[in-house]
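Colleague: Protein chains in written order, with this note's numbering: chain A, 1 to 316; chain B, 1001 to 1303.
By construction, these hints were calculated from the structure, which means they are not laboratory data.
Any given hint could turn out to be false.
Derived coverage of chain B by chain A (criterion: at least 3 residues anywhere in the stretch with Cβ under 8 Å from a Cβ of chain A; other residues may be distant) [to be verified]: (1) 1056 to 1065; (2) 1076 to 1087; (3) 1140 to 1152; (4) 1155 to 1164; (5) 1173 to 1181; (6) 1250 to 1256; (7) 1273 to 1285.
Computed from a prediction, not measured in an experiment: that's the story for all the values here.
Even glycine gets a Cβ: it sits at the ideal position worked out from N, Cα and C.
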Amino acid sequence: MSATTEPQRPPVAGTELPPGGERPSAPARTGRRRRRRRTSVLLQAAMALMVLYTLLPLYWLAVNSTKTNGELFTSNGLWFGSEFALWDNIVTTVTYQDGIYLTWLFNTALYSITGAVGATLICALGGYALAKFDFPGKRAVRAVVFGAITIPATALAIPTFLLFAEIGITDTRMAIIIPALVSPFGLYLMTVYAADSVPDSLLEAARIDGAGAWTTFWRVAFRLLAPGVATVLLFNLVHTWNNYFLPLIMLSDPTLYPLTVGLNQLNNQVTTGANLEPVYNVVLTGSLLAIVPLIVSFLFLQRYWQSGLAAGSVKQ
Amino acid sequence: MSTAPPAVVRRPPRRRRRDWTGLVFVAPFLVVFTIGIVAPLVYASGLSLFRDQLIGGRSFVGLGNYADALTDARFLEGLSRVALFLGVQVPIMIGLALLAALILDSGRVRGMRFMRIGIFMPYAVPSVVAALMWGFIYGDRFGLVAQFNEATGLALPSPLSSTWVLAAIGNVVTWEFVGYNMLILYAALRAVPEELYEAAAIDGAGEARVALSIKIPALRPALWVATLFSIIGSFQLFNEPNVLQSLAPAAISTYFTPNMYAYQLAFNANQVTYSAAVAVLLGGITVVVAYVAQRLTERGNRK
Chain A
1 MSATTEPQRP PVAGTELPPG GERPSAPART GRRRRRRRTS VLLQAAMALM
51 VLYTLLPLYW LAVNSTKTNG ELFTSNGLWF GSEFALWDNI VTTVTYQDGI
101 YLTWLFNTAL YSITGAVGAT LICALGGYAL AKFDFPGKRA VRAVVFGAIT
151 IPATALAIPT FLLFAEIGIT DTRMAIIIPA LVSPFGLYLM TVYAADSVPD
201 SLLEAARIDG AGAWTTFWRV AFRLLAPGVA TVLLFNLVHT WNNYFLPLIM
251 LSDPTLYPLT VGLNQLNNQV TTGANLEPVY NVVLTGSLLA IVPLIVSFLF
301 LQRYWQSGLA AGSVKQ
Chain B
1001 MSTAPPAVVR RPPRRRRRDW TGLVFVAPFL VVFTIGIVAP LVYASGLSLF
1051 RDQLIGGRSF VGLGNYADAL TDARFLEGLS RVALFLGVQV PIMIGLALLA
1101 ALILDSGRVR GMRFMRIGIF MPYAVPSVVA ALMWGFIYGD RFGLVAQFNE
1151 ATGLALPSPL SSTWVLAAIG NVVTWEFVGY NMLILYAALR AVPEELYEAA
1201 AIDGAGEARV ALSIKIPALR PALWVATLFS IIGSFQLFNE PNVLQSLAPA
1251 AISTYFTPNM YAYQLAFNAN QVTYSAAVAV LLGGITVVVA YVAQRLTERG
1301 NRK
């Protein structure tokens, strides 16, 4: 989308300026909350409805993970059954079919962490270079890579499968990790972030002090890039953790599956009743356990990703 | 002795020397970009020009596969379905996100932090889990819809019937992404300079007027970004219908969306080269629609 024009701000966070406007000049102001106004019953009610809509299914999942298979059918879906079987369900889930669930959990963590950490480092290096260095071919690189942002990951899945099948690396861990390392959008965010948050004068000073480019990056720039790095890392992590289409295509060995593919496999067994006892409790509890790590990391890292979403619009 | 001024003065300010250092820093990205994006696209595009025959093996057919796809009733049906989805679901989702962002920014509700996180939370849920969960809620086995019907004696239609299943999928997608879009819009609102509000207050503008004349225009670029990603998402729809398919096999065909069709062709129908053509064509259509939509907004902005 931005193949020709040089983007100034990350599109996330709507950090673009108001049409024709100058960038807000006073850095201190943007973080401040505006004057508190009287609460409005109507607006409060509207927001309460929205929160109810988004949290009700999660509540439903949590409540129903505490029920035995039998009581799922007989008890009220919005309230607990007579027996509180959450712990039993968790034990059943992690021991089901020799602990295949834990294998899937391990795979998901492995794919997400290697993919996201790798992608984020690669984007930080590249974004810094695109923002702060002048080198032959720079304009071409920017144009091609930023143009690639609009290519949806899903559209790449089948072509990637076909290529990897030709090379012979489908059904391996690398087939999931290599595509996870590529994040044109992350590179774009890091470029914008580096342009904003790493002052040229500081780099110049480091150079005069005799620091090489590599040292300057790690000792000076990388620290300044930290909030941007945290955001890109978190969103890459979510992307790989939640990925389904690519591993569904690439993998046929169930011990390589991530949680998403494994859970749906289990669900298919349940719904089609294929010669196994229907383990609704395993599907439900497994789903609940699959989202807990991400929800916890979002809650813990709130400060980072919420300010990171506004990256570029807020001058630190 | 007195010929040239000192070199320091001659050097243009802030211009770094043009050398290869930067390229070394970008090199890792270029490597993974080539392996992960360029090479698959080139390979699949090449493959899409061939056709496998039982007798005679793989033969070159030029754009034959593309011509077939453009007259393939299944591909076109999926395409028009996602277009309908795009036309209905995206405006609803962006509208809700906009409303929520404006309410948060108005500062007139209590428990802002909780609401912000609460509405955003579904974004952290994998789409597979979201579809599984909603599938159970929709379902007649122990789902809420069935329990509601039983308790009230009403007969609400099943969300998994062929009439309603597209709307039911739209609900899952809206649920997943409304909070993410809300945060993008909210962050953009926080960046509106305070002076604009002060000026409006001096002019005696009411809150509705401020929302219409200051906030929404300032949001236009962020709205565009949110819409762009939603358009891309609609055309690429796969995970939710694929997961719900086992619950509603009669309502969700194997060619329900173009991506499902491409998947079906490659993995069940064994038409790999045709599948490559469908995938490349769909990716191309997505990029073109996104580009056209962007041009339209740009023209709107210039007026």
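Colleague: Each hint should be assessed against the structure and marked as holding or not.
Modeller: For each hint, the structure was consulted:
no. : hint         : in the structure
1   : 1056 to 1065 : violated (count 0)
2   : 1076 to 1087 : violated (count 0)
3   : 1140 to 1152 : holds (count 5)
4   : 1155 to 1164 : violated (count 0)
5   : 1173 to 1181 : holds (count 3)
6   : 1250 to 1256 : violated (count 0)
7   : 1273 to 1285 : holds (count 6)
When held up to the earlier numbered hints, the structure conflicts with 1, 2, 4, 6 and fits the remainder.
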